[in-house]
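I would like the entire structure built from these sequences, with the hints used as guidance.
There are 2 protein chains.
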Amino acid sequence: MSRVLHLADLHGSLSDPLLDAMTFLNEVTGRYPEAVSFAPGRPYEEFFDPADIAKHLETYLRHLREERGLTDARVRQEVFQYGRTKGLIAPLIARALAADEGIDADPEALVVTVGAQEGMLLVLRALCAGPDDVLLVSAPCYVGVTGAARLLDLTVHPVPEAGPDGGLDPEALAAAVRDLRAAGKRPRACYVVPDFANPSGASMAEPARRRLLEVAEESGVLLIEDNPYGFFGRTAAARPTLKALDGDRGNVVYLGSFAKTCFPGARVGYVIADQRVAGGAGADGTGLLADELAKLKSMTTVNTSALSQAVIGGMLLAGGLRLRDANEPARRFYARNMDTLLAELETAFRDVPGVSWNHPDGGFFAVVTVPFRADAQALDGCARKHGVLWTPMDGFHPGGGGEHQLRLSCSYLTPQQIAEGVRRLAAFVAEQLPEG
Amino acid sequence: MSRVLHLADLHGSLSDPLLDAMTFLNEVTGRYPEAVSFAPGRPYEEFFDPADIAKHLETYLRHLREERGLTDARVRQEVFQYGRTKGLIAPLIARALAADEGIDADPEALVVTVGAQEGMLLVLRALCAGPDDVLLVSAPCYVGVTGAARLLDLTVHPVPEAGPDGGLDPEALAAAVRDLRAAGKRPRACYVVPDFANPSGASMAEPARRRLLEVAEESGVLLIEDNPYGFFGRTAAARPTLKALDGDRGNVVYLGSFAKTCFPGARVGYVIADQRVAGGAGADGTGLLADELAKLKSMTTVNTSALSQAVIGGMLLAGGLRLRDANEPARRFYARNMDTLLAELETAFRDVPGVSWNHPDGGFFAVVTVPFRADAQALDGCARKHGVLWTPMDGFHPGGGGEHQLRLSCSYLTPQQIAEGVRRLAAFVAEQLPEG
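Same order as they appear, the protein sequences are chains C and E.
Using this note's numbering, you'd call the opening residue of the first sequence number 22 and step up by one each time.
Using this note's numbering, you'd call the opening residue of the second sequence number 22 and step up by one each time.
Worth flagging that the hints you see were computed from the coordinates, not collected in a lab.
Since we're looking at a predicted model, the values are computed, not measured.
Keep in mind that the hints are not guaranteed to be accurate.
No copy labels: a pair is met if it fits in one copy or bridges any two.
[Claimed, not checked] Pairs of lysine to aspartate or glutamate residues, derived as EDC-like cross-links and limited to a Cα-Cα distance of at most 20 Å, are as follows:
| no. | residue 1 | residue 2 |
| --- | --- | --- |
| 1 | K76 | D125 |
| 2 | K76 | D93 |
| 3 | K206 | D30 |
| 4 | K406 | E88 |
Structure follows, in structure tokens:
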């Protein structure tokens, strides 16, 4: 007779509705395989070819032998053995960041992580030490952040976005920091996705970015900039990242991911953490925040898969250490999808009272507001009866909100599927509205 | 001017001497590249060939197409895309566990993790919910466990091993549980490596294993069994794992690793957690502990690298889903190394008063006791002057102890290097002893 544990005896995060909602959402796509799914924030996968993996691996091994001059024994050690906790491909990532984003990163300030998710966990753990510490997050917020905070029992405080397309509001951050300090709390950092945020799709204009950096500088609150979608604007012109604008002033910890620009299955991301830490491990009595993150990483995963790093390293090399150019076909694909989505929403809903949507200028996501509760139960009915899936927005609001909003992801579909999906969604919405 | 953070403002684990000691130990090998290093618990790497990676990957892809009947599109999805949080290769791992260990594991009770380290973090997080919860650990204890506990701010209570070769003492566990309960604490689980423990090299005899399971059953404390070295006995005969002895009684959460049996650079491990959880996610109102661990994993790393899983899957398939047989050359190699180490210690120290050592019957590690402090400072002097590296044992004792002991790892060296290393160690020890 097997032992039975009780959920109430396990860590509190496991009873949090947030994690149950995520499990439900992860499973719902599988339960309705015939539905058009606007749910997952996945990259389109027809860019991928399994035959490329061995090719990229070989490119990286050749680089080790020919450009770095490693012996066969050292090459073998690099891909098979335990390695530096900070990772193997930081120098390649730093060169790509310089070319793609104008970010001048010391490879020693980089930690290669198991996706941006591990990076987030490490940064939150390092920065939040005690019960008075607070993590600020743009609201709505990616659940990976609020979930990681929950796992570490951290307090999260939402900072609203400035309207449906504005991104995080710098003045709202300044006000939140003041309020928290007045209440005896210690606001430590603010999580933000300035470009094509998940879930809102919103982006911050350049003046707002500059103002946000001023607020960070004045308040001493670090900005945790997460940038998974920055390459995927509807035009090729890019706004500068917070990290690039901040230069070496140390107001930004930058989270990068190769999940959308290379592929998710590698699980390779990174953190740039070039802040100096007094009392840290370096010879001069300081060290880099990256060194502290590496100490924590040895307690979470020890190393990021050397195999995965080698394949991503090969992809970076194959693209001449310029990942943005290599992603131009993907950018055009996603831009066309977003154009299609917005055009189809216009066709379907322009005359429907109470229905509105935002107009992201890139990325994977848009948000539709409807005059009824768009929750998990509504989703289930919509999937069953109308064959279309979306994501309720309420789970993205740590302070409540979003009950009448749904997120549509257009990254994983063809334009034809998007058009069909919006038609199905319109039929569902029509059914929910009061008789006219 | 870059911002300066203060170590004292960061999470307490980062000021813990334990993590600094680990950083020192990770770096000391690099600082003395010419030294004979008994320090790292790394597998011997001449078993590895980079050309095998593409071969193993191809084996796995062929398995997906031919045995599981996946289309090319589904194969592409499997290796490149986000996947199930629990992992892709659980069915293959379950078959290997049945053949190699006589463990009958439901693949649904398995979570594939980024090495055993992530598995440990997830298990500790799930089981320890509040300030009264206590994690028991065999002492001396692998630092990855005490470090993960530190990252989560958990209380750790040491349970001594039964002498230099006995492994964890079941009666000591029973006593510790009684004492903790009497003090109002909630002992939740006990971490143990029954076979060739890191760092002690000790193993539990079969009667002690059976008694330990009784103690677990009676006390309600779960056993967290970590088994990275079980294949590497000095003879091919293996003792049964706690998990195999426990069957489906649910007293054991089992941590597995492919770091030593395949290779570390893949970063693939797994947890078997078949305990039922009342109030959990399943349709019958219960779920498996594995499902709860997967919820947490979506907040740490989302997925284990699909690439790494594919390559490990290919290695499992190549070995006919019997990993123990495939590791027989490695077992013989490590067994010969341990024989060499013990013989050289006998030669060097049999007539030296105050020096003793244990006699592990397998694995990577042995422990030498010396009549002087064997700390990081002594190590540094030994490395500089005598060209040999080892690991101070004090860092492995969460409750203090081990100040006069050093760990020798024999996994990464040839027999010739081991003999030379022990000669150098003997010169260092002679220098530390009082004039005779």
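* Status of D93 relative to K76 across identical chains (alpha carbons, at most 20 Å) -> Classified as both; 18 Å inside a copy, 18 Å across copies.
* Are the CA atoms of K76 and D125 at most 20 Å apart within a copy, between copies, both, or neither? -> Classified as neither; 29 Å inside a copy, 38 Å across copies.
* To do: Check K406 against E88 for me: Cα-Cα at most 20 Å, and say if that holds within a copy, between copies, both or neither.
  => Neither, since 58 Å and 35 Å both go past 20 Å.
* To do: If the cutoff is 20 Å on CA atoms, where do K206 and D30 land: within, between, both or neither? Let me know, please.
  => The answer is between: 14 Å across copies meets 20 Å, while 29 Å in one copy does not.
The structure fails hints 1 and 4 (numbered hints given earlier, in ascending order).
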